[in-house]
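Place chain B on chain A using the hints.
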Amino acid sequence: MKFIAISLKLLPLFSLLFMIMIGSSWQIGIFPLMPVLFLIPVYYWLVYHPSWLPLGGLFVVGLFYDSLMNHGLGLTSFFLMLSALLGPPIRSYLRPDKFPLIWFGFGLFSGGYLLLYGLIISGGFTLFVSWVNGIILYPLVAWVLSHLHGQIQKYV
Amino acid sequence: MALFLRYKKPGPLKPTPNPYPSRFQFWRHSLLASFILILIGGGTLRLYKPFYDPIQDGFFEGAVWLQKGFLQPFHETSVLLKDAHHFIYLKDEHGRLKLENEHLHKEVLVLRPLAHENAALRKMLNVPPVEVVKFTAARVLSSPYDGLHRFFLIEGGQKDDLIKDQPVIVEEGVVGRLEKVGVHVARVLLITDLNSRTPVVTSLSNEKAILSGNGSLLPNLVYVNDVKKIQIGEQIVTSGLGGIFPPGLPVGVVDAIENGKIKVRPYVPFQKVEWVQVLTIHSEDFYKEINSALEEE
Chain A
27 MKFIAISLKL LPLFSLLFMI MIGSSWQIGI FPLMPVLFLI PVYYWLVYHP SWLPLGGLFV
87 VGLFYDSLMN HGLGLTSFFL MLSALLGPPI RSYLRPDKFP LIWFGFGLFS GGYLLLYGLI
147 ISGGFTLFVS WVNGIILYPL VAWVLSHLHG QIQKYV
Chain B
9 MALFLRYKKP GPLKPTPNPY PSRFQFWRHS LLASFILILI GGGTLRLYKP FYDPIQDGFF
69 EGAVWLQKGF LQPFHETSVL LKDAHHFIYL KDEHGRLKLE NEHLHKEVLV LRPLAHENAA
129 LRKMLNVPPV EVVKFTAARV LSSPYDGLHR FFLIEGGQKD DLIKDQPVIV EEGVVGRLEK
189 VGVHVARVLL ITDLNSRTPV VTSLSNEKAI LSGNGSLLPN LVYVNDVKKI QIGEQIVTSG
249 LGGIFPPGLP VGVVDAIENG KIKVRPYVPF QKVEWVQVLT IHSEDFYKEI NSALEEE
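Chains as they are written, first to last, in this note's numbering: chain A, 27 to 182; chain B, 9 to 305.
Same shape as in the complex, but just chain A (with noise of 0.2 Å):
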């Protein structure tokens, strides 16, 4: 039983994977939908649980990222550790009934996360477009981890 809550405990980070591993190659037109796209679970679990997302966790998902995207290893796991290390502070001004002030945090995070990223790798236009894609996706990746958030909590 314990070995079974432990696996469902796991399930946030194995969202984070899908998500990588799925969305790597999408893109709506021209304009990609990674990274972004990888930023709604974790936005969604450092909200809801973050002590679901190991530091740990995170760093060996960037690690994932970064193997798989062909950027120097432990650039998006620096990333992730620093919104897991800023989330706790800032999760205490949001409310989780509050659904839109929740969507425009995402929209603050992943914009504040993307223009690190951009000043690093020196990106433009296309990252911008790839956040507004982002923003307009969270809700509907939201309402199935929820559902999923939902789908533990029962369980363990």
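Some clues are possibly wrong.
Claimed, not checked - Mimicking SDA-like on lysine to any residue, the simulated pairs with C-alpha atoms at most 25 Å apart in a straight line are:
(1) B/76 with A/96
(2) A/35 with B/77
(3) B/280 with A/53
(4) B/172 with B/278
Said to hold, decoys possible - Per label pair, the in silico range of CB-to-CB distance:
(5) A/75 with B/265: 26 to 34 Å
(6) B/132 with A/56: 49 to 57 Å
(7) B/44 with A/130: 24 to 32 Å
(8) B/261 with A/55: 34 to 42 Å
(9) A/114 with B/65: 32 to 40 Å
(10) A/115 with B/255: 58 to 66 Å
(11) A/115 with B/49: 23 to 31 Å
(12) A/40 with B/212: 51 to 59 Å
(13) A/166 with B/147: 25 to 33 Å
(14) A/133 with B/163: 48 to 56 Å
Don't read these hints as lab results, they were simulated from the structure.
Think of the CB as a built atom: it goes at the ideal place given N, C-alpha and C, for glycine as much as any other residue.
Using the frame of chain A, we list chain B on its own:
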């Protein structure tokens, strides 16, 4: 079930077993401490190259295989659907291939005497024989794209004798070159990638230039001697300089010239490519020499 989880008002605080945790417990549970520890550990490993390189290679191989395993069912389904589609139009396809075969047969009849003539003239002029180009076909596993870096991950690596910097092409033209070669998988740096530089020449004005990827679908033509000579619609082919790409491979056409900036539209439809061909033109030593020279630079 509700669309989103309902907000629950936090209950009264429960007393913790130890309200005054020790310093060790504080650091053990501190996110900041873990962050600093991982950063120091990771940073140290990052700087030590003999340790970092095998880790990077291992992660690359592992990440691609994990993604391949995950995407395999989707790929199989897509193949199945395509097969079903081909089966429906089998008769039409047979007719088309028959016509194409007849056309190619006629072409061979015309070309055979020319090849003979060419060989005789080469012999008379003492031109060295053309190097035999070997092809290795490889399936595209996925094409990750994050707005700047665009590349293909292909099924083929050191076990198929692939070496870094080998040119990769499809029927339509140049795709890119092998940037990283693992044991079973390799990464192709596409000509549109931000880090890609391909020596090219224009077909009409005969201007040598460098095709510089910028992350978009339309790479730029840079280091052109005289921009005014370049015409829209002009074909761009590889120049053969640098030794990686053989001369004359089709790359694309000049799409637009705005404020001295020349945009090239590649021939290859990158989103539709499923198989690529890796060319083996030079020996392994040649590529090793090129790699070491580039690393020294």
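Hint by hint, here is what the structure shows:
1. B/76 with A/96: holds (16 Å)
2. A/35 with B/77: holds (23 Å)
3. B/280 with A/53: holds (13 Å)
4. B/172 with B/278: holds (21 Å)
5. A/75 with B/265: 26 to 34 Å: Between residue 75 of chain A and residue 265 of chain B, where Cβ atoms are some 54 Å apart, the hint is violated.
6. B/132 with A/56: 49 to 57 Å: With Cβ atoms ~52 Å apart, the hint holds.
7. B/44 with A/130: 24 to 32 Å: holds (31 Å)
8. B/261 with A/55: 34 to 42 Å: violated (21 Å)
9. A/114 with B/65: 32 to 40 Å: holds (36 Å)
10. A/115 with B/255: 58 to 66 Å: This hint holds: roughly 60 Å between Cβ atoms.
11. A/115 with B/49: 23 to 31 Å: holds (25 Å)
12. A/40 with B/212: 51 to 59 Å: Given about 55 Å between the Cβ atoms, the range holds.
13. A/166 with B/147: 25 to 33 Å: holds (31 Å)
14. A/133 with B/163: 48 to 56 Å: Cβ of residue 133 of chain A to Cβ of residue 163 of chain B: about 39 Å, so the range 48 to 56 Å is violated.
Comparing the model with each earlier hint shows violations of hints 5, 8, 14; every other hint is respected.
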